[in-house]
Amino acid sequence: MSTVSIEPLVGHCRRESRRYGAKSKAFKPSSLNCYTNHKLVFQARSFCNFRPPKVHALRASSTTTTAPVETVESADVFFKETFPLKRTETVEGTIFIRLDHGQNNRNWELTVGCDLPGKWILHWGVSYVDDVGSEWDQPPTEMRPPGSIPIKDYAIETPLKKSSSPEGDTFYEVKIDCKPNGAIAAINFVLKDEETGAWYQHRGRDFKVPLGDYLQDDSNIVGAKRSFDKWQGALGPLSNLLLKAEASNSKASGSSTESRDLKQESWSLEGFNEELPIAKQFALDNSVTVCVRKCPETAKNHLYVETDLPGDVVIHWGVCRDDTKKWEIPAAPHPPNTIAFKDKALRTRLQSKEGGDGCFGLFTVEEGLEGFLFVLKLNENTWLKCMGNDFYIPLSSSSSLPAKSRQGLSESAQIPENNAEANQKGSISAYTSGIINEIRNLVRDISSEKSQMTKTKEAQESILQEIETLAAEAYSIFRSSTPTFSEEAVVETEELKPAVKICSGTGTGFEILCQGFNWESHKSGGWYMELKERASELSSLGFTVIWLPPPTESVSPEGYMPKDLYNLNSRYGNIDELKEVVKKFHEAGMKVLGDVVLNHRCAQYQNQNGVWNIFGGRLNWDDRAVVADDPHFQGRGNKSSGDNFHAAPNIDHSQNFVRKDIREWLCWLREEIGYDGWRLDFVRGFWGGYVKDYLEASEPFFAVGEYWDSLSYTYGEMDHNQDAHRQRIIDWINATNGTAGAFDVTTKGILHSALERCEYWRLSDQKGKPPGVLGWWPSRAVTFIENHDTGSTQGHWRFPSGKEMQGYAYILTHPGTPSMFYDHIFSQNRSEIAALISLRNRNKIHCRSKIKIAKAERDVYAAIIGEKVAMKIGPGHYEPQSGAQRWSLATEGKDYKVWEAS
Amino acid sequence: MEISVIGTSQVKIGKTDLAYRELGFSDLRGVGKVFSANSRVCFGQSTRWRKARVRFALKAVQSEPLRSEKVSVSARRSKSHDRVRLFVGLPLDAVSDCNAVNHAKAIAVGLKALKLLGVEGVELPVWWGIVEKEAMGKYNWSGYLALAEMVQKVGLKLHVSLCFHASKQTKISLPDWVSRIGESQPGIFFTDRAGQHYKECLSLAVDDLPVLDGKTPIQVYHEFCENFKSSFSPFMGSTITGISMGLGPGGELRYPSHHRQAKSNKIPGVGEFQCYDKNMLSILKQHAEATGNPLWGLGGPHDAPTYDQSPNTNNFFRDDGGSWESPYADFFLSWYSNQLISHGNRLLSLASSSFSETAATVYGKVPLMHSWYKTRSHPSELTAGYYNTISRDGYEAVAEMFARNSCKMILPGMDLSAEHQPHESLSSPELLLADIRTSCRKHGVEVSGQNSSASGAAGGLEQIKKNLLGETAVDLFIYQRMGAYFFSPEHFPSFTAFVRNLNQPELQSDDLPEEEKEAADSLRVSSESGVHMQAA
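So the protein sequences, as listed, match chains G and S. Start counting the first sequence at 164; every next residue gets the next number (our numbering). Start counting the second sequence at 21; every next residue gets the next number (our numbering).
Keep in mind that the hints were calculated from the coordinates and are not lab data.
Incomplete in silico selection of chain G near chain S, CB under 8 Å:
no.: 1; residue: Ile626
no.: 2; residue: Glu629
no.: 3; residue: Ile630
no.: 4; residue: Leu633
no.: 5; residue: Ala634
no.: 6; residue: Glu636
no.: 7; residue: Ala637
no.: 8; residue: Tyr638
no.: 9; residue: Ile640
no.: 10; residue: Phe641
no.: 11; residue: Arg642
no.: 12; residue: Asn900
If we take Cβ atoms under 10 Å as the criterion, some of the chain G residues that face chain S in the derived model are:
no.: 13; residue: Leu627
no.: 14; residue: Gly852
no.: 15; residue: Lys855
no.: 16; residue: Asn897
Taking lysine to aspartate or glutamate and the DMTMM-like style, the derived pairs with C-alpha atoms no more than 25 Å apart in a straight line are:
no.: 17; chain 1: S; residue 1: Lys191; chain 2: G; residue 2: Asp928
no.: 18; chain 1: G; residue 1: Lys1013; chain 2: S; residue 2: Asp328
no.: 19; chain 1: S; residue 1: Lys485; chain 2: G; residue 2: Glu631
no.: 20; chain 1: G; residue 1: Lys1013; chain 2: G; residue 2: Glu1055
no.: 21; chain 1: G; residue 1: Lys930; chain 2: S; residue 2: Asp328
Beta carbons are placed, not taken as given, at the ideal position from N, Cα and C, and that holds for glycine.
Model the full structure from these sequences, guided by the hints.
Following this line, the structure appears as structure tokens:
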């Protein structure tokens, strides 16, 4: 994930009490003073550079088509090649942040918008007045615009909506109501572009918009603001800005992530409207065509170089005499506008083409040279090369080589139609050239060894390794270009397995989970002991698995900010109590899941820069165990293999020592505590393949991962088709090789919309199957309607109130593995839930039971499961058809009914 | 940042050259293993704008004569099962219906991996519905040519399967113009008793009827083959070593007897006879009248079960006293299977005459209708057009037809074994396979193998190995099929092990006394492939 910061800018303006409008465009020229409009960046991914100029997207994203290259008429042209040039162009736009009042003066409205195209998401949270740290909190529900998704317990993601100004400019914005209640000190946010995955931050930090209750608590707020290093109100908004701008202009760091800190005042009744430049990189395709012609009279070669790159292009070139590709300056005369560069190369400015973009150059090279080498230079920092190497144009006039090799060399040049394919081939070999280089080095090392026997053996190893690398490469491309998850394939593999086989993704297939805690459980101080008393009761209700809270020492009382993994004394009880509760559940015949947090871990010590990234306890990792792409924590590991959790250092699972330690830890938990399996926290944060590794090592009876991200919404309304969302969850399960199930967030989201808005038709997808993960991969879907994050006292995404039983009627009759939330079990719904669980067990509904949707209409949804159970939810009418089976009503409640076949 | 990138790349060049020098040195020693490593490196290096290519070509020149010898020898030796030539199928949709190469990058990388693994070549399905999509006689080979080029560059062989059928799975249909004709005359398609048309391939009854805008399907297929031959002439015999002629549904010589199987049902049913299109019926009627039983020519057996029913559901296939043993059934089944064999004969003779002057071998695929094989009547085979029962060998005539056209036979399902089939289906893939292979041996038809499914049946690779390394050799095996699953961590490692095992069956790496021997042996394999690669 890349982090792009806002470019600092002196001359940006801030207007007061102005609605965002066309002026933002008028404002643009001032930004040109500060930095060049077009910034070209060489792309490090070398394999991109060789594709034919036009890349059509065909079915799969990775498809490369061979675009026909123009045939050259002239007979004496012996080489013509078009090299695609991949570069990125930075397009600039504006982020505007406006705080003004809505209809009544008491309500402030914060508007954040952007005028660049993209799939913008506002990732935000608030700071409360009495907060001491810099961590975010989730805003109160009434502040959240529709379509907001809670991200863990500290943030909200709200998509920006597309709208257009009266002048017709399109922009994206989101409005947040800020109730002046004095509790919220500031709104923090970053802007995320889902298209590119880029985060737009502020000097690597969050945007912060201070709020305060002007009417009630003025003095207090100002004081608070001072302590937050905010600006004095007396300075006034405008001077604020200028000062701030100067301060931020000291971007001496030289890195590309300079940005300006933005701080704003909110107590001014006029509000403000601030605009910040934003730069987004778009990939652009250009090409350079080189055409070599032999002049029959002089035996000289004429090279014609032509490109559609805009602006001034300098070609930095030379020739070579043999295959060492040693640059030389050819004999004069040189073309006009040529200067020599360190007697190694020449630099020629290409001539602009008349009446159009692009430029060209004509070079004459004498006979007897082997090749023409060049790179293109756009400005001091931007060079365009050919797959990371110099462009090399063979000149066929060399006579120093055997004829055969020359033929091989110019073969493709003689058949211009084949160039496209050849090009492609070129890109292909470039693709793996890195690997091959390594192997070549290996071979070289080997050849210096004395034992020839070892040499061959190791070389063989290296071949195998390369094959593996290639296969992995091919796998990832094929996989990403498979349009959707193939449903039938799953059905087939499912069928191959006998239904009772135990695997960690499904348990026996007949599991029913109980989440044995809520967000407040830590407060009792002895939760394990309390829960212990419930063991036999839960078992008799029909639960087979209990999920216990995170057991490790943690910075936060709830346990999700683990510190020392081997310290199992938590707010829920000490290690002995934990063992006791596990034992008790085992006696009751239930399996026990441990809640393990593998994505992040809180450090105990600071590094030399004062950043908390050195761990303590038995696993005293240093900053090599922390991913490198979260600037907060200055990790020295590799980039994260997933999304980052911002509140703590994210663990770099690509490190062997980290994985070894985690494997050992999990095995220790299995042995020492007796856990049977895992509930894996925030698995979005790292690659599912690592989970596979951990599960294969710890061999759990059951494992389920929390892969929670946002569903798709259009204009605040949830889309009917959530295939992309469930695909992401499926992809994760796939990455674990099916060794873990995943919480079916998709189903929960769809149930929300269906029940809340009386849109029961949503419960059938386009193919007449359940629309969640359970419709595609039922055996790995762990269905739930609530957990400690979504419900409990956090309520980040609470199930529609009063409709919980409809939700349970759905998940307890459907395939997948249902998981019930503690609060619901011990509520007035208890007996109804018990009836549903016993019905599920009685009819042996399991995670792969067949389901047929009988009705999915506005006000009623009905389905028949395993030909033994019929159910309906919703106020509408449904009765199962009596045919082969006779149906009798088994249980019912508000807006739901379940029948059994007799 | 940009500057540092340039710096790195220069360093890389330096390294490359150094490596070359080293390699050149090791090459002089003539150690096969090192040579193979060397060739592999060159292969990665075949970028045209690099000098490396030149050096590489030089080596190719040296090794060319060597290689041609080897090929001819191995062609001679193929009967004495030296080693199985292993091919891997390319994705069915390797070329999209607008003639672009799908997943080109993935395929390219995959080809390299296969090459390094020592696989002989790849199989490429060439679809009628893509090449001759728009109008009769208007061929577009561009996508396939591009692929052939890719394959050639990597130095693999190519086995082309000409597909005159459609594939629902990959949404490849028959040519648009054929489908249009089919809309107005559904009689050109196979039809079942309920009158449902099977629109994924033309009925064999229209082979010689001018139903396609005045031309017969045979003529159209023939022109297709001729055009293929001329378009791919640069590859014929060198890169393209084999051509499978599409013979019916799924490319196999059979009736589409099982196409309406309910998916939920694990146990395959018996299938249905497909003799109800108007042309089939009229041929049947003529035939019945000619043999003096006009009443037998009115349709198929009235007491046959439907697609997914079991043999005992109705009277026809019943083990005891089923009507399949009646004189009527013998009349019908002989006619039904002979129609299929004549159809196969028409296509294979067409193909073998078309491709006779090329060095490519012509293949035809025969299905492995293994369910219900352990019943007496073999219902699945009967409905598919093979009159093979407990009392009659139906594959003799088929093998004889293949021999007549000097074609080799591809048999799918070499990965299947009875123990992984649902017990109730009374299936025996192994016995049926042995049955067919016996007939082939009798008529001197060489057998090639293929596995049944892309998703890999349980124990499949083991079973394949058993089949390939048995007493009777298989000269070629086509492994299906490259794709995400193929390269997935669940599958690819076992495939790698399979290939290595196949090439050195008697040498288990663990129980070798000396490392040297092992290394040297596997060397032989990869160095040979290295030579092929260079020459290509």
